[in-house]
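*Asks:* One letter stands for each residue in the lines below.
Protein chains: 2
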Amino acid sequence: MEEQIQKILKHNQLSVTGGRTKILELFLAQDDALAHADIERKTGEKFDRVTVYRTLQTFLEKGIIHSIPTADNSVKYALCKDNCSEGHHHDHHVHFMCSVCGKTLCIDEVSVPVVNLPAGYKVEQIQMIVTGVCKDCA
Amino acid sequence: MEEQIQKILKHNQLSVTGGRTKILELFLAQDDALAHADIERKTGEKFDRVTVYRTLQTFLEKGIIHSIPTADNSVKYALCKDNCSEGHHHDHHVHFMCSVCGKTLCIDEVSVPVVNLPAGYKVEQIQMIVTGVCKDCA
DNA sequence: ACAAAACTTGCAACTCTGTTGCAAGTTCTT
DNA sequence: AAGAACTTGCAACAGAGTTGCAAGTTTTGT
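Those protein sequence lines, which keep their order, are chains A and B. Taking the numbering used here, the leading residue of the first sequence gets 1, the next gets one more, and so forth. Taking the numbering used here, the leading residue of the second sequence gets 1, the next gets one more, and so forth.
Calculated from the structure, these hints are not laboratory results. The beta carbon of each residue, even a glycine, is placed where N, CA and C say it ideally should be. It is possible that part of the hints are untrue.
Unchecked claim - Heads up, incomplete: computed chain B residues facing chain A, CB under 7 Å, no partners named:
(1) Y53
(2) P69
(3) V75
(4) A78
(5) V123
(6) E124
(7) I126
(8) T131
(9) G132
(10) A138
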C-alpha cells in the first residue's frame, strides 16, 4: 500500500510527503466519499487545516480524486478509479448518497443514461446524484 | 403579479411582507436559478443578509423554491413549477449549467432517465447536473 | 377598527469554511 | 551533500451561514 501510494504521487510529479501519503491512504482505505471535515477528523488533527485544503486541491488538479456535488450542497471527494489518472475527464458520474447513514458512493456499475437536451445545448459533463437508502441501511 | 405573489404566500401560511414579496418577485421574473448573492445584489441591499437567508430557507421548507447542487458546489435556488406546490417531492430534476455565462436552468422538457442501481438500493430522488454550453452562448 | 398574539426583521456577535502571504522546513536533483 | 524546488504551518483574513434578542410588522379575534 505504501508502495502504491508512492507510485501514485510520483506518477503525478508530486513530492512524497507525510500529509499526502496519509490522506491518500485514507482514500484508499475508504469505500465512500470523504468531506474535508472527515479527513481532518481521521488524520487526528495531525496536519494543518490549510495543508488538507491544499492537498485536496492538488489531488483534484492532478485528477487523483474528484469532487462530488451532493444534494445538500456540501463538498465531498472520492478517489478516481485507475483509468481516471490516464487523463479522462470524469464527464459521467453517478453518485449515490444515503439519506440514513450519509455515505456517498460512486456507483460505477451504472453508466449515465444519455439525455436529449433541447436543440442548441452542448453537453460537456453529466453528474447524477441519486439520493436514497443504501443496501446497508435498507 | 402582486396578486399571484400574495396568493402563493397565503397558500403557504406565510405573512405577506416586503422582503418575501420582493424575493418571490425576483424568482418569478427570472428564468434561471439564483444564488443567495444574486438575490442580495438584485434587491439593492434593501434587506438584511439574514432576512434573505431566512426567507430562502422558509421558501425551501414550504416547497416554493428548490435548491440545486451545482458542479462547482455553490448553492443556487429556483422556483418550483406550479405542480410543486401541490406537495410533490422534486424527486426528478435536470439542471443545466452553462460554463460560459454561468446561468443555471431547470430543464423541464427532459425527463430523468431511469437508472438501475445495484440490488438493495432504494431511490428517493434523482438530480442531474448537466454542464455545457447553453443555446445563447453556443 | 383595534388590541393582543403571532410572526418577521435587523442588528450584533459568532462559527465554520476556505484562502493568501510568508518564513521555516522538507524533499528532490545532481 | 548542497542548492533548488517544493511543501508545510502559522497568522491573518474573507465570505458564507447561523443564532439570540429586541423592535417592528402582520395577522387574528372581537
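*Asks:* If you check each hint against the structure, which ones fail?
*Replies:* Going through the list in order, the structure violates hints 1, 4 and respects the others.
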